[in-house]
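Listed below, chain by chain, are the residues.
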Amino acid sequence: MDIYARLQELGLELPKAPVPVASYVVAKRSGDVVYASGQTGTVQGQLQHKGKLGRDVSILEGQESARLSVLNCLAAIESVIGDLNNIAEVVRLTGFVASAEGFGEQPAVIEGASRLLLDLFGEKGQHARSAIGVAELPFGAPVEVELIVRVDEGAN
Amino acid sequence: MDIYARLQELGLELPKAPVPVASYVVAKRSGDVVYASGQTGTVQGQLQHKGKLGRDVSILEGQESARLSVLNCLAAIESVIGDLNNIAEVVRLTGFVASAEGFGEQPAVIEGASRLLLDLFGEKGQHARSAIGVAELPFGAPVEVELIVRVDEGAN
Amino acid sequence: MDIYARLQELGLELPKAPVPVASYVVAKRSGDVVYASGQTGTVQGQLQHKGKLGRDVSILEGQESARLSVLNCLAAIESVIGDLNNIAEVVRLTGFVASAEGFGEQPAVIEGASRLLLDLFGEKGQHARSAIGVAELPFGAPVEVELIVRVDEGAN
Numbered sequence: 123m124d125i126y127a128r129l130q131e132l133g134l135e136l137p138k139a140p141v142p143v144a145s146y147v148v149a150k151r152s153g154d155v156v157y158a159s160g161q162t163g164t165v166q167g168q169l170q171h172k173g174k175l176g177r178d179v180s181i182l183e184g185q186e187s188a189r190l191s192v193l194n195c196l197a198a199i200e201s202v203i204g205d206l207n208n209i210a211e212v213v214r215l216t217g218f219v220a221s222a223e224g225f226g227e228q229p230a231v232i233e234g235a236s237r238l239l240l241d242l243f244g245e246k247g248q249h250a251r252s253a254i255g256v257a258e259l260p261f262g263a264p265v266e267v268e269l270i271v272r273v274d275e276g277a278n
Numbered sequence: 123m124d125i126y127a128r129l130q131e132l133g134l135e136l137p138k139a140p141v142p143v144a145s146y147v148v149a150k151r152s153g154d155v156v157y158a159s160g161q162t163g164t165v166q167g168q169l170q171h172k173g174k175l176g177r178d179v180s181i182l183e184g185q186e187s188a189r190l191s192v193l194n195c196l197a198a199i200e201s202v203i204g205d206l207n208n209i210a211e212v213v214r215l216t217g218f219v220a221s222a223e224g225f226g227e228q229p230a231v232i233e234g235a236s237r238l239l240l241d242l243f244g245e246k247g248q249h250a251r252s253a254i255g256v257a258e259l260p261f262g263a264p265v266e267v268e269l270i271v272r273v274d275e276g277a278n
Numbered sequence: 123m124d125i126y127a128r129l130q131e132l133g134l135e136l137p138k139a140p141v142p143v144a145s146y147v148v149a150k151r152s153g154d155v156v157y158a159s160g161q162t163g164t165v166q167g168q169l170q171h172k173g174k175l176g177r178d179v180s181i182l183e184g185q186e187s188a189r190l191s192v193l194n195c196l197a198a199i200e201s202v203i204g205d206l207n208n209i210a211e212v213v214r215l216t217g218f219v220a221s222a223e224g225f226g227e228q229p230a231v232i233e234g235a236s237r238l239l240l241d242l243f244g245e246k247g248q249h250a251r252s253a254i255g256v257a258e259l260p261f262g263a264p265v266e267v268e269l270i271v272r273v274d275e276g277a278n
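If you read the protein sequences in the order shown, they are chains L, S and Z. The working numbering applies: residue 123 is where the first sequence begins, and numbers increase by one. The working numbering applies: residue 123 is where the second sequence begins, and numbers increase by one. The working numbering applies: residue 123 is where the third sequence begins, and numbers increase by one.
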């Protein structure tokens, strides 16, 4: 199924490719593997939530941040491979969650990211994952997501 | 040497493959590379230690948690490749250590994981590594380990 | 352009390959991909800065730590591939920044690392990147950098 049709079905819009804050690229292809730079839950460059889980940001808000982070990762990957239908499979997701003392539900938060990948890509969306609770994320973001995908050989 | 014989020699038992808490898989193979999802120091789903290094958990306990995390990673990888003897080499380990203020001995903790990989795999077990001190890990785990291995080409 | 000439032009000296603190290797090659173990801002084994960004260490000092971390990663990679000119491209950098409560400028800190890679490698130095704020790093380091590069096929 076409990924863009699936995005529309889910009522989602792919954002513009994120603009790197500095001297790096938003996604890098090396052979058949594409690494998306860490993305946060921004819409048009504005963080939709700020602060830490377990204190400032609810799990539902964290999941929404995780979903937005994935959309930004996909926009970044699209800017490199041109067509998201060329993704052969999602490989790995690392989710960093800004966590207040004692917060241990990182997996519930990052589930927002994983669920979206499965909803979009079906079986091809199955991925290895880590959920890590960290002290602080750029500009007060509650969630940052890194993504590795494999593209079809021969896709440019 | 057979990995299962080596596990037995070391008095270790491979756990059942971990059950993912959510919408992801415990390990993902992409080409010859297998990424294990982040694992913690559980035995039959129960964390054996909880809390932070430098406050609640001793370095010895942290090393034991790191070892258990590696066993869970290997069980996860086995569930995907079938036979751990098909591992051509361990590639990279990232060890996250829940760290109280001022705790800087993450390498000593993650040494529990690295040592076990060398004990099990010998020269093939040599790996790149990072040891990172983080705020919180899922469900209060003191240690989380991610593992990347390469399997023999042609192994299914 | 020769990387060693470029290092000299920039007034930089490649350190000796870092010595692993424990049972791992400073860099691991798997196929064409080389993973450098996490490195900190040491010179001859001594950390040049200690503590957290946003409290003990300025952004300028953090950037310098990030640069030194990259030089240590490159020395680690050189110890495995022999000649840094065999690097076909830098692929991915993950920068961990020890962050005091409320510090959100991890990208500005890790920019020190990214900038150096571009200065050294030009277009081949473009990389995906994540900047993560963490609780503590080994031995009080303010910055730790992980690097993935791809080497030219056939380079030994």
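Read the hints as simulated data drawn from the structure, not as lab findings. Heads up, some of the hints might be wrong.
Chain copies aren't distinguished; within one or between two, either way the pair holds.
To be verified - Only pairs whose alpha carbons sit at most 20 Å apart, straight line, appear in this in silico SDA-like list of lysine to any residue: (1) K246 / N208; (2) K172 / V202; (3) K172 / G276; (4) K246 / E183; (5) K246 / T164; (6) K246 / S145; (7) K172 / Q130; (8) K246 / P142; (9) K246 / A144; (10) K246 / E223; (11) K138 / E227; (12) K172 / N207; (13) K138 / D274.
Structure-based check of each hint:
1. Taking the shortest Cα distances, K246 and N208 sit within 20 Å of each other inside one copy (11 Å), while across copies they are farther apart (24 Å).
2. Neither within a single protomer nor between protomers do K172 and V202 lie at most 20 Å apart by alpha-carbon distance, with minima of 29 Å and 38 Å respectively.
3. Proximity of K172 and G276 under a CA criterion of 20 Å is satisfied in neither setting, with 41 Å inside one chain copy and 47 Å between copies.
4. In the homo-oligomer, the alpha carbons of K246 and E183 never lie at most 20 Å apart, since the shortest distance is 26 Å inside one protomer and 38 Å across protomers.
5. Proximity of K246 and T164 under a CA criterion of 20 Å is satisfied in neither setting, with 25 Å inside one chain copy and 29 Å between copies.
6. In this assembly of identical chains, K246 and S145 lie within 20 Å of each other by CA distance solely across copies; the values are 13 Å between and 32 Å within a copy.
7. With identical chains, the CA atoms of K172 and Q130 are never at most 20 Å apart, being 27 Å at best within one copy and 43 Å at best between copies.
8. Taking identical chains as interchangeable, the C-alpha atoms of K246 and P142 lie at most 20 Å apart only when they sit on different chains, with a minimum of 17 Å there against 28 Å within one chain.
9. For the identical chains of this complex, K246 and A144 are inter-copy neighbours only, at 16 Å across copies versus 32 Å inside a copy, given an alpha-carbon limit of 20 Å.
10. For the identical chains of this complex, K246 and E223 are neighbours neither inside a copy (36 Å) nor across copies (39 Å), given an alpha-carbon limit of 20 Å.
11. For a Cα distance limit of 20 Å, the shortest separation of K138 from E227 qualifies neither inside one copy, at 30 Å, nor across copies, at 23 Å.
12. In this homomeric assembly, K172 and N207 never come within 20 Å of each other (Cα to Cα): the closest approach is 32 Å inside a single copy and 43 Å across copies.
13. For the homomeric pair K138 and D274, neither the shortest alpha-carbon distance inside one copy (23 Å) nor that between copies (33 Å) is at most 20 Å.
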